[in-house]
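> For the sequence shown, my numbering gives the first residue as 1, with consecutive numbering after it.
Since the hints were derived computationally from the structure, they do not count as laboratory data.
Note that this is a predicted model, so its numbers are computed, not measured.
Ideal Cβ placement from N, Cα and C applies to all residues, glycine included.
Some clues are possibly wrong.
[As the list claims (entries may be wrong)] Distance condition first, Cα-Cα at most 30 Å in a straight line; then the derived BS3-like pairs of lysine-lysine: (1) 126 x 47; (2) 54 x 88; (3) 54 x 126; (4) 88 x 120; (5) 120 x 47; (6) 120 x 49; (7) 54 x 120; (8) 126 x 49; (9) 126 x 88; (10) 49 x 88.
[As the list claims (entries may be wrong)] Label pairs and their calculated CB-CB ranges: (11) 60 x 113: 20 to 28 Å; (12) 87 x 117: 28 to 36 Å; (13) 75 x 50: 33 to 41 Å; (14) 96 x 67: 22 to 30 Å.
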Amino acid sequence: MTTTDADTNGTATAAAADHTAQPKTAPGTVTDPTPPTPSTGVHGYAKQKDAHIKRLRRIEGQIRGLQRMLEEDVYCIDILTQVSASTKGLQSFGLQLLEEHLRHCVADAAVQGPEAIDAKVQEATKAIERMLRT
1 MTTTDADTNG TATAAAADHT AQPKTAPGTV TDPTPPTPST GVHGYAKQKD
51 AHIKRLRRIE GQIRGLQRML EEDVYCIDIL TQVSASTKGL QSFGLQLLEE
101 HLRHCVADAA VQGPEAIDAK VQEATKAIER MLRT
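Construct all of the structure, not just a fragment, from the sequences and the given hints.
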């Protein structure tokens, strides 16, 4: 079966309609045999994505509040209190994301074998080290 479409010159072109095309799916899903990768797979935070976005927007509002406080010449201690709240919000978000990574990504690696789990544990350890430096 074909359909015709007028191209930019006004002439008709035929395009084959492919009724056997599969819908696009995420790598690693039941309908796609491609194994997921860290950049294309289902991430541990996927179930909480909307909540995380809401949380980050709240933190973004706190940061914008800091800018406004400076513009309005607010007392230093009040600004520092807001800095502390913003920092704690980011730390809490980071810990939640780390927990989801451990529960999902590291647990999945455990099924794949010792080399995969070692790589994920090392990756998580480095992330924890970075978080502790802040």
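> Could you run down the list of hints and mark each one as holding or not?
Hint by hint, here is what the structure shows:
Distance restraint check for residue 126 and residue 47: the Cα-Cα separation of roughly 24 Å lies within the 30 Å cut-off, and the hinted pair is therefore satisfied. As the CA atoms of residue 54 and residue 88 are separated by approximately 16 Å, the hinted pair is consistent with the 30 Å bound. A distance of roughly 27 Å separates the Cα atoms of residue 54 and residue 126; the hinted pair therefore holds under the 30 Å criterion. Taken as a hint, the residue 88 and residue 120 pair is honoured in the structure, with Cα atoms around 26 Å apart against an allowance of 30 Å.
Straight-line distance between C-alpha atoms of residue 120 and residue 47 comes to about 20 Å, which keeps the hinted pair within the 30 Å bound. Taking the CA atoms of residue 120 and residue 49, the gap is near 21 Å; set against the 30 Å cutoff, the hint holds. For the suggested pair residue 54 and residue 120, the alpha carbons sit about 28 Å apart, so the restraint of at most 30 Å is met. Proximity of residue 126 to residue 49 is assessed by CA-CA distance (about 23 Å); at most 30 Å being required, the pair is judged to hold.
Restraint check: the Cα-Cα separation between residue 126 and residue 88 comes to about 20 Å, which is no more than 30 Å; the hinted pair holds. Simply put, residue 49 and residue 88 have alpha-carbon atoms about 20 Å apart, close enough for the 30 Å limit, and the pair holds. Take residue 60 and residue 113: their Cβ atoms lie about 40 Å apart, and the range 20 to 28 Å is violated. Take residue 87 and residue 117: their Cβ atoms lie about 32 Å apart, and the range 28 to 36 Å holds.
For the pair residue 75 and residue 50, the supplied restraint of 33 to 41 Å holds, since their beta-carbon distance comes to about 36 Å. Checked against the hint of 22 to 30 Å, the pair residue 96 and residue 67 passes, with Cβ atoms roughly 26 Å apart.
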